[in-house]
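*Asks:* Protein chains in written order, with this note's numbering: chain A, 16 to 322; chain B, 48 to 255.
Hint data in this document are derived by calculation from the structure and do not stem from the laboratory. Fair warning: there could be bad hints in the mix.
Simulated crosslink set (DSBU-like; lysine-lysine; CA at most 35 Å straight-line) [as the list claims (entries may be wrong)]:
(1) A/K215 - B/K216
(2) B/K89 - A/K165
(3) A/K165 - B/K216
(4) B/K217 - A/K70
(5) A/K289 - B/K89
(6) B/K93 - A/K165
(7) A/K289 - A/K205
(8) A/K289 - B/K216
(9) A/K165 - A/K289
(10) A/K165 - A/K70
(11) A/K205 - A/K215
(12) B/K93 - A/K286
(13) B/K127 - A/K165
(14) A/K215 - B/K93
(15) A/K165 - B/K74
One-sided excerpt, in silico: chain B residues whose CB lies under 8 Å from chain A [as the list claims (entries may be wrong)]:
(16) K89
(17) A148
(18) I157
(19) Y168
(20) T188
(21) N197
(22) S201
The beta-carbon is built from N, C-alpha and C at its ideal position, and this holds for glycine as well.
Residue strings, one per chain:
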Amino acid sequence: MEHADVNVVYSVQHQLPLVMYIGQYFFFTGLSAGSFVISVIATLLGRKEFKPIGKITALLAPCLLIIAPLNLILDLEQPLRFWHLFLFYNWTSPITYGSFLLTAYPIMGVIYAVMVYTNRQNAAKILGILGIPLAISVHGYTGFILALAKARALWNTAAMPTIFLVSAMVSGIGLVVIIAAVRWKWFDKKANAETREQDKRLILQLAQFMAYVIMLDLFLILSDILVLLTAHSDAFEAGMLILTGNFAPLFVGVEIIMGSILPMILVLGPKSRKSLTAAVVASILVNIGVYAMRFVMVIGGQTIPLS
Amino acid sequence: MAKKKRYAMVIDIRRCIACHACTVACKAEMAVPLEVNTTWLKIVEKGTYPDVRRFWIPRLCNNCTDAICARNCPTQATYKRDDGIVVVDQHRCIGCKYCIASCPYDVRYINPLKNIVQKCYFCSHRVDAGLVPACVESCPTRAMVFGDKNDSKSEVAQLLAANATVVLKKEMQTDPQVFYINADETAMSNVEEDINYYTEGALAKLRI
C-alpha cells in the first residue's frame with residue numbers, strides 16, 4: 016500500500032518477542048522428526064542394507080529432541096517456572112499441545128531406539144508406525160505456533176505447518192546423509208568391498224530422495240509467496256520484505272539459491288550425481304538453507320510493524 | 048436483571064490535543080520502565096509542505112473480547128475478568144512471549160525489571176476501587192472516557208450510541224473495547240511508507 020506523503024513522527028515499536036532460540040528449536044525438532052521418519056521407513060522396508068541407516072537415525076532422533084526443548088526453556092523469561100506449562104495448561108494454546116508432545120515423543124523415540132538396537136524387528140515396526148504421527152505432530156505443531164499468531168502476516172498461512180514439515184524432512188535427510196557418509200569414510204573400513212559399495216549407493220539414493228523433497232519444498236514456498244503477494248496489504252509487505260527487502264539476502268540468496276537450487280543441481284547433476292563429496296556438500300548447504308529459513312520466518316515475520 | 052459489566056473506553060480524537068498526559072500518567076501509575084510503553088500516542092504527518100497536517104491516535108491495550116493473547120497463553124496467566132478486562136497473572140507468567148507475538152496491536156511487552164509480560168489492564172486496581180484509569184483521570188480535555196458499556200446511563204454507552212466510532216484492526220476478529228471517534232485512517236494503519244526502515248529498527252533491538 017502506498018502512502019506517498021505520510022511520515023510517522025512518533026510511534027512505539029516494542030522489542031521482538033521471539034528470538035533465535037525459537038528458530039533453533041524449530042531447526043532441531045525438524046532434524047529429529049526428519050531422521051525419525053527416515054529410520055521408520057528403513058525399519059518398515061526391513062531390507063538388510065538399510066539397517067545401518069535405520070540404526071543411526073533411531074539414535075539421532077531422541078538425541079536431537081533432548082537438545083531442542085533446552086532452547087525453549089532458555090528462551091523463557093522465567094525459566095524456573097517452566098513447570099507451569101504442565102500444571103496450568105490451556106487447551107486453546109498450541110504451546111500446550113507442544114509441551115505434552117515434547118514429553119511423549121522423546122520417550123517413544125528412546126523405546127523405539129532400544130527396540131531397533133536389540134533387533135526386535137516386530138516391536139520396532141509397530142512402535143515406528145505409532146511414532147510417525149507423533150513425530151509429524153511434534154514438528155507440525157511448531158508450524159501451528161506461527162500460523163495461529165494471526166497478527167503476523169508472514170506466519171498466518173495454512174501452508175505453514177506443511178512448509179515446516181517438508182523443510183524438516185529436507186534437513187533431516189541432509190543430516191542423515193552427512194552422518195552416514197562420515198561412518199562410510201572412517202568407521203566402516205572393516206566391511207567387505209561389496210557392502211561398502213552398497214552403502215555408498217544407498218547414501219547417494221538418500222541424497223537423491225532429498226532433492227525430490229526439496230522440489231516439493233520449493234513448490235510450497237512458491238505458493239506461499241504467490242498468495243502473500245496477492246493478499247491484503249500486510250501480507251504484501253511481508254512478501255516484499257523477504258523478496259526484495261532486508262531479508263532478501265537470507266531468503267533468496269541463502270535459502271532458495273544456496274540451500275535449495277544448488278544442492279539440487281549437485282545431487283541430480285550428471286557430473287556430480289555419483290560423487291559422495293557432492294552429496295555431503297549438498298547436505299551441508301541444505302542444512303544452512305533450512306537454518307536460514309527458520310531465521311527468516313521467526314525473526315522476519317516479527318519485524319513488520321503492528322502499530 | 049442487570050446486565051454483566053463490560054468495561055470499555057471511548058477516545059474522542061476531536062478533543063485530543065496530543066499532550067502525552069496519558070503516556071506520562073500511565074508510566075507513573077503502572078511503574079512502566081524505560082524503553083517500553085503501555086500507553087502511547089502515535090503521530091503521523093500527512094501531505095507535502097506547505098499543505099501538511101498532523102494526525103494522532105492514543106494507543107493502549109484494547110482489552111479485546113476475543114483476546115488472541117488469552118487464547119494463546121499456554122499457562123492461563125493471561126485471562127479475561129468477568130468485567131471484560133484482560134489481565135496477566137504476574138506470578139504465573141513464564142515469559143514465553145507467545146502472547147506478544149500473537150497480539151495484533153503490539154501493546155504487550157517484557158518488563159525488563161520483572162522479566163514477565165505486562166500490558167494495560169485499564170488500571171484494574173483503580174477500577175476495583177471505584178476510580179477511573181490513570182490516563183482517563185489525567186486527560187485535560189476529557190477526550191478519554193471510561194465506563195461500563197452495558198450500563199445505558201454511562202457516558203461511554205451514550206457516546207457509543209451517539210457517535211460514529213471505529214476500532215483498530217477490526218479484521219482480526221478480536222472485538223476491541225477501545226473505540227475511537229474521528230480517528231484518521233493513516234494513523235490507525237500499521238503499514239508504513241518504508242518497511243525496511245522499521246525492520247532495521249526492530250533488528251537493532253534484537254536480543255540474542
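*Asks:* Within a Cα-Cα threshold of 35 Å, do B/K93 and A/K165 meet the stated pairing?
*Replies:* Roughly 29 Å between the alpha carbons, so the hint for B/K93 and A/K165 holds.
*Asks:* Does the interface hint hold: is B/T188 within less than 8 Å of chain A, judged Cβ to Cβ?
*Replies:* violated (19 Å)
*Asks:* Does B/S201 pass the interface check with chain A, least Cβ-Cβ distance below 8 Å?
*Replies:* violated (28 Å)
*Asks:* Check whether the Cα positions of A/K165 and B/K216 lie no farther apart than 35 Å.
*Replies:* holds (12 Å)
*Asks:* Compare the distance between the alpha carbons of B/K127 and A/K165 with 35 Å, and conclude whether the hinted pair is satisfied.
*Replies:* holds (19 Å)
*Asks:* Run the distance test for A/K215 versus B/K93: straight-line Cα separation, threshold 35 Å.
*Replies:* Judged against 35 Å, a Cα distance of about 66 Å means the pair is violated.
*Asks:* Interface hint check: B/N197, Cβ to nearest Cβ on chain A, cutoff 8 Å. Holds or violated?
*Replies:* Interface hint status for B/N197: violated (25 Å vs cutoff 8 Å).
*Asks:* Given the hinted pair A/K165 and A/K70, is their Cα-Cα distance within 35 Å?
*Replies:* violated (40 Å)
*Asks:* Against chain A, run the beta carbon of B/I157 and see if the smallest gap drops under 8 Å.
*Replies:* Given a least distance of 6 Å, the restraint on B/I157 holds.
*Asks:* Compare the distance between the alpha carbons of B/K93 and A/K286 with 35 Å, and conclude whether the hinted pair is satisfied.
*Replies:* It is violated: about 60 Å lies between the C-alpha atoms, which goes past 35 Å.
*Asks:* Are the Cα atoms of A/K289 and B/K89 separated by 35 Å or less?
*Replies:* violated (61 Å)
*Asks:* Next pair to validate is A/K289 with B/K216; report whether the Cα-Cα distance is within 35 Å.
*Replies:* violated (56 Å)
In summary, the structure is inconsistent with hints 1, 4, 5, 8, 9, 10, 12, 14, 19, 20, 21, 22 from the numbered list given earlier, while agreeing with the others.
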